[in-house]
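Colleague: Residue numbers (the numbering used here), protein chains in the order written: chain U, 1 to 259; chain F, 1 to 250.
FYI, nobody ran anything at the bench for these hints, they're computed from the structure.
There could be a bad hint or two in this list.
[Said to hold, decoys possible] Taking lysine to any residue and the SDA-like style, the derived pairs with C-alpha atoms no more than 20 Å apart in a straight line are:
{"no.": "1", "chain 1": "U", "residue 1": "K3", "chain 2": "F", "residue 2": "K139"}
{"no.": "2", "chain 1": "F", "residue 1": "K108", "chain 2": "U", "residue 2": "K19"}
{"no.": "3", "chain 1": "U", "residue 1": "K19", "chain 2": "F", "residue 2": "F96"}
{"no.": "4", "chain 1": "F", "residue 1": "K139", "chain 2": "U", "residue 2": "I83"}
The structure presented is a predicted model; accordingly, all values stated were derived computationally and were not measured.
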Amino acid sequence: MNKIIALAGVVLKELYRRKDFYVLFVLTALLTVAAGAVNFFHDDKIIRYVKDICLLLIWVSALVIAIVTTARQIPAEREARTIFPLLAKPVSRGQVIAGKFLGCWLATGVALVVFYFFFAIITGSHEHIWPWALYFQALWLQWFMLAIVIALVVLGSIYFAAPSSTSTISFIAVVGLLGLGSHLRTIALQQPEPMQFILTLIYFCMPHLEWFDLRDFVVYDQSLVPWLDVALATIYAAIWTGIFLLLAWLGFRRKNLTT
Amino acid sequence: MSAIVQTQKLRVEYRSHELRQATKVALHGLDLEVRAGEVFGFLGPNGAGKTTTMNVLLGFVPPTGGTASLFGIDVRQPIARQRIGYLPELTYYYKFLTAEELLRFYAKIFGLARAEADKRIANLLKLVELESAATRPIKSYSKGMQQRVGLAQSLINNPDLLILDEPTSGLDPLGRMKVREIIQRLKNEGKTVFFASHELGEVETVCDRVAIVHQGELKAVGTVADISTGHANLEQAFLKIVGFQPQPLP
């Protein structure tokens, strides 16, 4: 485990030294200003609309950070050839994958905490409500959804050598999963056989990222999601993350890496 | 003496991704044995199979056939690399880290305790004369300094076997001398050194035994004196073994 943590530490160091986090803070500041501006209108609908926009920005930003950061990890190691002195040490390829995953996941976790903290402070100071438990649930589920996304991108980065192609394909895949997830079952039921069967099969076999989206709960100040459901969603995310990481390891473990 | 590095009938094939191209055989059943405490030179012209052999020993490329082991452990097991140090030909290190951070990272990978790591890092930075630049990012280093970081990282675990790929390539005379000094020091400490090189003069100076590979096959192995017998020097013997025919200049 120490090796995985050491590898994750290098990912985090690279991230803040490449100044990605400064960009994040600027973005957070912009979000804060946007959320703060809603006080001028004193209109519930506008407040909710702006909160919705802020949360959408948080989602998009977190996805961008997760995908772009992860996509460059293993391809950049291969391109810069830093993978060779690393693999010449007593570290397995599985540990490299796990370390990269952990580093990227922790980095997105830090980003999410900052985003949600600013969001909570600003909206709370105007609305005088502090639904911390709901914010925690929203953050937790989004973080675990990002675990699936990061594992998927790690898998892609084993097969697509360039970070740009991995990022692009991953974005399309994630947007597709988010967009299709909630509608595919409805579409399937309107189709004749055998299309209905095929679409239903896809619906049950794909990871449902949209299940982790609690934005409407936050925007409309709804009650908490039952904690059992949160726990089940966490397990669901862990299973999909494990599947993608396993596939990434299977692809990477016998890959020829020539100096 | 026991074998530290051993390959038996080692075969490596690279499959071409293009349909009409045949599979390329990089190693044809290579049998190699490096004994404990010796400095072993691994020679061959470009494309002979030296790098492929090293890639297999370091676990970068899985063998297609045969076996390869380090300290009697199959090279596919990460633990086989616990007691080795590796210095690549060029500097492949995380340039956003400082030399100290890089060494600390590799120390963690080797599972060194913090106090032990601190001591080794300080000693190694002194050895490669990078103490004053230890807290600067590697990207700000000159090429020679980066090579010295490489040397330091290859020794972080106090290895029993040092694998060097063209260790003096691109180094200035002072850097070359430093590498030779370190090889000599390791030899005196009873460590094993396995290195690939094109610098035959250097090989002659430091090696106990050498192996010459050509077209993926082992052509000769023995002491420098054995291989040079009947030739003016190792270079002449090497050229004869790899079948080089000097052509008159036009």
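Colleague: Starting from F/K139, check that the Cα of U/I83 is at most 20 Å away, please.
Modeller: Holds, at about 17 Å.
Colleague: Regarding the pair F/K108 and U/K19, is the alpha-carbon distance no greater than 20 Å?
Modeller: Roughly 25 Å between the alpha carbons, so the hint for F/K108 and U/K19 is violated.
Colleague: Between U/K19 and F/F96, is the straight-line Cα distance small enough, at 20 Å or below?
Modeller: Cα-Cα ~11 Å, so holds.
Colleague: Keeping to a limit of 20 Å between CA atoms, is the pair of U/K3 and F/K139 held or broken?
Modeller: Distance of about 24 Å is beyond 20 Å: violated.
The structure shown violates the earlier hints numbered 1, 2.
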